[in-house]
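**Q** Got chain A sorted already, so can you dock chain B onto it with the hints?
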Amino acid sequence: MTQQVGIFIEQHRCMGCKACQAACKDKHDLEVGQLWRRVTEIEGGSYFEDGAAIRPNVFTYWTSIGCNHCANPACVKNCPTGAMFKRSEDGIVLHDDSKCIGCRMCVWSCPYGAPQYDPEKGKVGKCDYCLDFVQKGKDPACVSACPVRALHAGKLEELQAKYGTKAQTKGMPDANITHPSIVIKSHKDAI
Amino acid sequence: MFTNEANKSEQESGSQRRAFSRRSFIKWSAAASSSLALVGCGSAGFKQASSNVNVDEADEKVISTGGTNNCGGCCVIKAHVKDGVVVRLSTDDQPDEPNNPQIRACVRGRSYRKTWFHPDRLKYPMKRVGKRGEGKFERITWDEATTIIAKEMKRIREKYGAEARYANYAWGISAQIAGLTLAKRLLASDGGYLGFYQNYSNACTNNATPYTYGTNDTGNNYEDWVNAKLIVLWGFNPAEVVFGGQTMYWLRRAKDAGAKIIVVDPRYTDTAVALADQWIPLLPTTDNALMDAMTYVMITENLLDKAYLDTYCLGFDEEHMPAGVPANQSLKSYILGQSDGVPKTPEWAEKICRVPSETIRQFARDYAMTKPAALIQGWGPQRNAMGEQVARGGTVLASITGNVGISGGWASGIGYSPAHDVASLGAGENPIKAQIPVFMWTDAVTRGTEMTKENDGLRGVDKLNTNIKMILNIAGNCLVNQHADINKTVKILEDEKSVEFIVVSDVFMTPSAKFADILLPGNTVFERDNINVQWAFGDYAVFNNKLVDPPFECRDEYDWMTEVADKLGIKEKFTEGRTREQWLHWIVAETQKANPGFPSYDEFKKMGIYKFKIDKPIIRFEKQIKDPANNPFPTPSGKIEIFSKRLWDMNNAKEIPAIPKHVVAHEGPQDQLKEKYPLQCIGWHFKARCHSIHDNNPWLKEAAPQEMWMNPKDAEARSIKKGDRVKVFNDRGATMIPVKVTTRIVPGVVAIPQGAWYTPDEKGVDQHGCINVLTTQRPTPLAKANAQHTNLVEIQKA
Numbered sequence: 001m002t003q004q005v006g007i008f009i010e011q012h013r014c015m016g017c018k019a020c021q022a023a024c025k026d027k028h029d030l031e032v033g034q035l036w037r038r039v040t041e042i043e044g045g046s047y048f049e050d051g052a053a054i055r056p057n058v059f060t061y062w063t064s065i066g067c068n069h070c071a072n073p074a075c076v077k078n079c080p081t082g083a084m085f086k087r088s089e090d091g092i093v094l095h096d097d098s099k100c101i102g103c104r105m106c107v108w109s110c111p112y113g114a115p116q117y118d119p120e121k122g123k124v125g126k127c128d129y130c131l132d133f134v135q136k137g138k139d140p141a142c143v144s145a146c147p148v149r150a151l152h153a154g155k156l157e158e159l160q161a162k163y164g165t166k167a168q169t170k171g172m173p174d175a176n177i178t179h180p181s182i183v184i185k186s187h188k189d190a191i
Numbered sequence: 192m193f194t195n196e197a198n199k200s201e202q203e204s205g206s207q208r209r210a211f212s213r214r215s216f217i218k219w220s221a222a223a224s225s226s227l228a229l230v231g232c233g234s235a236g237f238k239q240a241s242s243n244v245n246v247d248e249a250d251e252k253v254i255s256t257g258g259t260n261n262c263g264g265c266c267v268i269k270a271h272v273k274d275g276v277v278v279r280l281s282t283d284d285q286p287d288e289p290n291n292p293q294i295r296a297c298v299r300g301r302s303y304r305k306t307w308f309h310p311d312r313l314k315y316p317m318k319r320v321g322k323r324g325e326g327k328f329e330r331i332t333w334d335e336a337t338t339i340i341a342k343e344m345k346r347i348r349e350k351y352g353a354e355a356r357y358a359n360y361a362w363g364i365s366a367q368i369a370g371l372t373l374a375k376r377l378l379a380s381d382g383g384y385l386g387f388y389q390n391y392s393n394a395c396t397n398n399a400t401p402y403t404y405g406t407n408d409t410g411n412n413y414e415d416w417v418n419a420k421l422i423v424l425w426g427f428n429p430a431e432v433v434f435g436g437q438t439m440y441w442l443r444r445a446k447d448a449g450a451k452i453i454v455v456d457p458r459y460t461d462t463a464v465a466l467a468d469q470w471i472p473l474l475p476t477t478d479n480a481l482m483d484a485m486t487y488v489m490i491t492e493n494l495l496d497k498a499y500l501d502t503y504c505l506g507f508d509e510e511h512m513p514a515g516v517p518a519n520q521s522l523k524s525y526i527l528g529q530s531d532g533v534p535k536t537p538e539w540a541e542k543i544c545r546v547p548s549e550t551i552r553q554f555a556r557d558y559a560m561t562k563p564a565a566l567i568q569g570w571g572p573q574r575n576a577m578g579e580q581v582a583r584g585g586t587v588l589a590s591i592t593g594n595v596g597i598s599g600g601w602a603s604g605i606g607y608s609p610a611h612d613v614a615s616l617g618a619g620e621n622p623i624k625a626q627i628p629v630f631m632w633t634d635a636v637t638r639g640t641e642m643t644k645e646n647d648g649l650r651g652v653d654k655l656n657t658n659i660k661m662i663l664n665i666a667g668n669c670l671v672n673q674h675a676d677i678n679k680t681v682k683i684l685e686d687e688k689s690v691e692f693i694v695v696s697d698v699f700m701t702p703s704a705k706f707a708d709i710l711l712p713g714n715t716v717f718e719r720d721n722i723n724v725q726w727a728f729g730d731y732a733v734f735n736n737k738l739v740d741p742p743f744e745c746r747d748e749y750d751w752m753t754e755v756a757d758k759l760g761i762k763e764k765f766t767e768g769r770t771r772e773q774w775l776h777w778i779v780a781e782t783q784k785a786n787p788g789f790p791s792y793d794e795f796k797k798m799g800i801y802k803f804k805i806d807k808p809i810i811r812f813e814k815q816i817k818d819p820a821n822n823p824f825p826t827p828s829g830k831i832e833i834f835s836k837r838l839w840d841m842n843n844a845k846e847i848p849a850i851p852k853h854v855v856a857h858e859g860p861q862d863q864l865k866e867k868y869p870l871q872c873i874g875w876h877f878k879a880r881c882h883s884i885h886d887n888n889p890w891l892k893e894a895a896p897q898e899m900w901m902n903p904k905d906a907e908a909r910s911i912k913k914g915d916r917v918k919v920f921n922d923r924g925a926t927m928i929p930v931k932v933t934t935r936i937v938p939g940v941v942a943i944p945q946g947a948w949y950t951p952d953e954k955g956v957d958q959h960g961c962i963n964v965l966t967t968q969r970p971t972p973l974a975k976a977n978a979q980h981t982n983l984v985e986i987q988k989a
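One line per chain: the protein sequences are A and B, in this order.
Here this note's numbering is used: position 118 in the first sequence is 118, and no number is missing along the way.
Just add 191 to wherever you are in the second sequence, counting from 1, and you've got this note's numbering.
In silico DSSO-like pairs for lysine-lysine, Cα to Cα no more than 27 Å straight-line:
hint: 1; chain 1: B; residue 1: K867; chain 2: B; residue 2: K542
hint: 2; chain 1: B; residue 1: K318; chain 2: B; residue 2: K345
hint: 3; chain 1: A; residue 1: K138; chain 2: A; residue 2: K185
hint: 4; chain 1: A; residue 1: K166; chain 2: B; residue 2: K451
hint: 5; chain 1: B; residue 1: K350; chain 2: B; residue 2: K682
hint: 6; chain 1: B; residue 1: K451; chain 2: A; residue 2: K188
hint: 7; chain 1: B; residue 1: K273; chain 2: A; residue 2: K136
hint: 8; chain 1: A; residue 1: K188; chain 2: B; residue 2: K420
hint: 9; chain 1: B; residue 1: K451; chain 2: A; residue 2: K162
hint: 10; chain 1: B; residue 1: K913; chain 2: A; residue 2: K188
hint: 11; chain 1: A; residue 1: K138; chain 2: B; residue 2: K796
hint: 12; chain 1: A; residue 1: K136; chain 2: B; residue 2: K796
hint: 13; chain 1: B; residue 1: K931; chain 2: A; residue 2: K188
hint: 14; chain 1: A; residue 1: K170; chain 2: B; residue 2: K931
hint: 15; chain 1: B; residue 1: K954; chain 2: B; residue 2: K892
hint: 16; chain 1: A; residue 1: K121; chain 2: B; residue 2: K273
hint: 17; chain 1: B; residue 1: K688; chain 2: B; residue 2: K342
hint: 18; chain 1: B; residue 1: K797; chain 2: B; residue 2: K273
hint: 19; chain 1: A; residue 1: K170; chain 2: B; residue 2: K913
hint: 20; chain 1: B; residue 1: K802; chain 2: B; residue 2: K737
hint: 21; chain 1: B; residue 1: K273; chain 2: A; residue 2: K138
hint: 22; chain 1: B; residue 1: K420; chain 2: A; residue 2: K185
hint: 23; chain 1: A; residue 1: K170; chain 2: B; residue 2: K912
hint: 24; chain 1: B; residue 1: K654; chain 2: B; residue 2: K679
hint: 25; chain 1: A; residue 1: K138; chain 2: B; residue 2: K797
hint: 26; chain 1: B; residue 1: K737; chain 2: B; residue 2: K252
hint: 27; chain 1: A; residue 1: K170; chain 2: B; residue 2: K451
hint: 28; chain 1: A; residue 1: K185; chain 2: B; residue 2: K451
hint: 29; chain 1: B; residue 1: K562; chain 2: A; residue 2: K188
hint: 30; chain 1: B; residue 1: K802; chain 2: A; residue 2: K138
hint: 31; chain 1: A; residue 1: K188; chain 2: B; residue 2: K904
hint: 32; chain 1: B; residue 1: K269; chain 2: B; residue 2: K737
Which chain A residues stay away from chain B? Per the calculated CB distances, all over 12 Å, these:
hint: 33; residue: Q3
hint: 34; residue: E157
hint: 35; residue: E158
hint: 36; residue: A161
hint: 37; residue: T169
Since the hints were derived computationally from the structure, they do not count as laboratory data.
In this text the structure is predicted, and so the values were computed from the model without any measurement.
The beta carbon of each residue, even a glycine, is placed where N, CA and C say it ideally should be.
Just chain A, with the same shape it has in the complex (with noise of 0.2 Å):
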C-alpha cells in the first residue's frame, strides 16, 4: 500500500501543550470526554536526598496519539457490522456512523484506545485524518496546531524513508499487533 498515510511524532519536542487535542475537539466538535487525539503523560523517577543535597533522576514525557490507520487496524477486523473500514487509496481507518450499532467490539480492540464510544450518539467515534483537510491539500488540524512542530503528516513510506520505521517508543503498545501507520522519534527518556 504505496499511499498509506501517516503521522510522524516527533516526541522530543512535545511540551504537553495540547494544543493539538484542542484543534482536533475543536475541528471535531467533541464533547468532554471524547478525545480523538489525546495527549498522555508518563512520568517518574525518584530523589536522592543527601543530608541538605538534593539530586533528582526523574523523567517526563508526553505522547500526542489520534488513530494510527494502521496496517493491520484491530477495529476494522473485530467490527461485526462494516461501519470500520479502512480505505484503499490512503489508507485511512474510517468509521461510517450509519452502520454502527455501538456494540464497542472497536473501543475493546485498539491497543491505542482511537476509537470512543460517545454515549450521547450511542455510537462510535475516531479520528478520520481530517480527511476532508488533507483531499484539499492541507494537513490534519492536529499537526498545524503544533506550536512547536512536533507532529509532521504525509505518506507513511516517505516519512519512514525520512526519518526510520520506528513506531513505538516506551510506555506504548507493542506495534507488532497492528502495525500503526506513524514514525516516532523518541524523548530523551522515552527510549
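**A** Only chain B this time, still in chain A's reference frame:
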C-alpha cells in the same frame, strides 16, 4: 459555577420584557449549543468526505481574529463562520517558514469557542440588591446603569475629591483599546483618579532591573537565541505561559542549533521536559544563594575577565566602587565573606537552596565558560518576598560573565525585547498626580491617607487626601481573585462605607463580579474589532475582527462609557469626536506615521496580521559594549551598576542591599514559621487558563484539571495518594484541591496553578483550589510588589 438567581430568571424572561435583537439571540444561542447540532453534522460530514468533501464548506467565511488575553502570545486565530455561527477555529495559515514561522494559537486559543460562547455569559446590566459580595442582583436598563454611574462618579468627586476614584488593574482585554485604559480615560476626562504604577506580573524586576542597567529594555530579539551556545531558563516556563509571540518555537530553534539548555525551577516544568538537558531544582526564594555560590566559584576559579569587569562594571571589587561607600561593600567582598565573615561557598548555598555543591560548581563553570550564553529569567521567581534580589542577581551574573551586548548572550533582568511601536487609545492626561504601587490598592482603601513615599512607595504627592471610595473594574479579576489574601480583600470590600461604589464589567459572574454594585455585561474578542500586540518577545500586530454580534444586552465598554460621559457633559473630551471604529482607524494611521511599511486599515483588517521586517536581530547594549567611551549605560555612573549607590542611599541594607544577595525571606525555607507550616507553596501560570480567564472552559478543564503538585515524599508523610482531595491552609485561609502526586516537584514544595475561581463554602473555605486565599498582602521591600509565590502552608487529607 457562580450561579446567580437574579440573572438566571432575567435571562428566561428576557425575550418578552426587553427589546433586543432577536437575530443576534438566535445566532448566539445556535453557537452556544453548536456542539449538539454539529455532532449530527459530524456523521453527515463523513459521508460527504468519502464522496465530495467540498459541499458543505462553500458558504463558510474565514475571518481573522486573534488571542487577546494577557498571556503575551497574541496568536492568530481564524474563525470559520457559517450562517452567523462560528463553527470552528483554525490558526495562522500564512506559509510556515523557519525564519518566519506562523503565529500559532495555543491550547487556550484553540478552545476559545467554549469560553466566549459559554451559556453562563452575563446578559443584562444589573444592580446589587443584597449585601455586597452576596451575589444578589436585579436587572436594570442600560440607561439606568449609566445614569447611576454618572451620578456616583460626580457625587464621589464632589464629596471626596477626584483622587478617591480608582481604575483597578485589569487586563482581561489585552489590546490597543482596553477596558482598563478606557476606565482611566473616563475618570481622567472627569477630573482625574488615583493612579497606579507597575503591574502584578513583573513589578520586582520592573523596579530592580534599571538599578543595574538604567533601563528595562534588556532583551534581544528572540530570533537571536539560535546564536547562544548555552541557554539558562531561570524560572521561565513559556510552554504554559506563552510569554511572547512564538517563544517556545524560538527556544526550540536554539536547541536544534545546538544550544545546551539548563532549567532552574522548583518544578520540572513543561518547558524543562521539552527542552532541558539539565534540570536544577531549588527551593523557592533561595535563588540568590545559588547565584552567590556560582559567583564564588567564578571568582575563586578565576573564570572571570578582569579587564571586562574593570571596563564595564561598577562595584564588582573594592577598586571599582562609587565614592563615599565604606570598605568591603563590593560584590567580591561579600561573596568571599570579607564583609560578613561568611564565604558564599557552594557548600554554604547547598544548605539553603538544596542544590548539591558539585552541581553548583559545574553550573557556574558551564555558565562562565560557555560563550555566548543566555540566562533568561521568567517573572515567577521575582514574585517572591525578596523578589528584587533574584531580578538583580540575574543581571549581575550576565554582566560578570560578559554576556551583555553580544549576539547569543542575554543581559537578563526583565528582558523587554525590541519591537516597533503600535499606537493605542490612551487614557489621556490624569489631572491627579498621585500614584500608588498597583499591589497596594487595598492599603489605599483602608489607610490611603496614611501612606507615605518612604514606606509605601507613594509617588507624585507626599500624602493622599482621601482613601479610595470608588472603583471601576473593567474586564479584570484583581478585585478579588487575583489579588493576594482573598479573605482579607473580601472583608475590605464588604464594608460598603469604605469603598462606596464599585462598577464591574465582565463576561461572567467571576468572584470579582460578585462584588459589584453595578454589574455590566461586556462583550468578547469575538464581538468587536480590536488590534492587539504581543508583549515581551516578537514584533507584529494582529487585527481582531468582529465575528458575531454581542448576545443579549452585552455591550462594549467604549459604547457605554460614552453614554456615561455624555451624562456628565464630558462626551467630547472622552471621545475626542471619534467612534470606536474611528479610533481603530486612528491607531492604524498613527502606527503608519511611525512605521511607513505598515498596511492600510483595510489591508490590515483583511490580512489579520502584520509582521514588522527585521533585517538582523537587535542586540541590546551592543553599542555600550563595542564603544563604551562614547556610549555609557543609562545609569548614574554610565556603567553596569553591580553596586547601586541609589540603593545604598536608601539605607536599608538588610532588605534592600546595594548589591544583589541572598536575603532570608519571611515564609521562606529559613523562616521559623516552617515549624507550624512546613511546606512552601508556589503558584504557576497554567496552560488551562490565562490568569483566571477560561476557568469555566470544559475543554481546558479536561486538558488540564486543577490539581496541586506534591512530591511523593511529602504526600506519603501525610498519607495522601494521587487524586485525594486535600485541605491546604495557613493563617490566612484554606483551599480544597485534588492532588497530583508527582516527582515533577522538589520535596518540601507544593504548587497550585494560579487563577482558579474563588469558591467559598458557607465557612469561607475555598472549594476550588484558589491559591490567593493563602497569599499575603505584605509587599516586597523595594518595589512594594506582590509576593504571591511565597507562602508557607500545611496540608491535610480532606
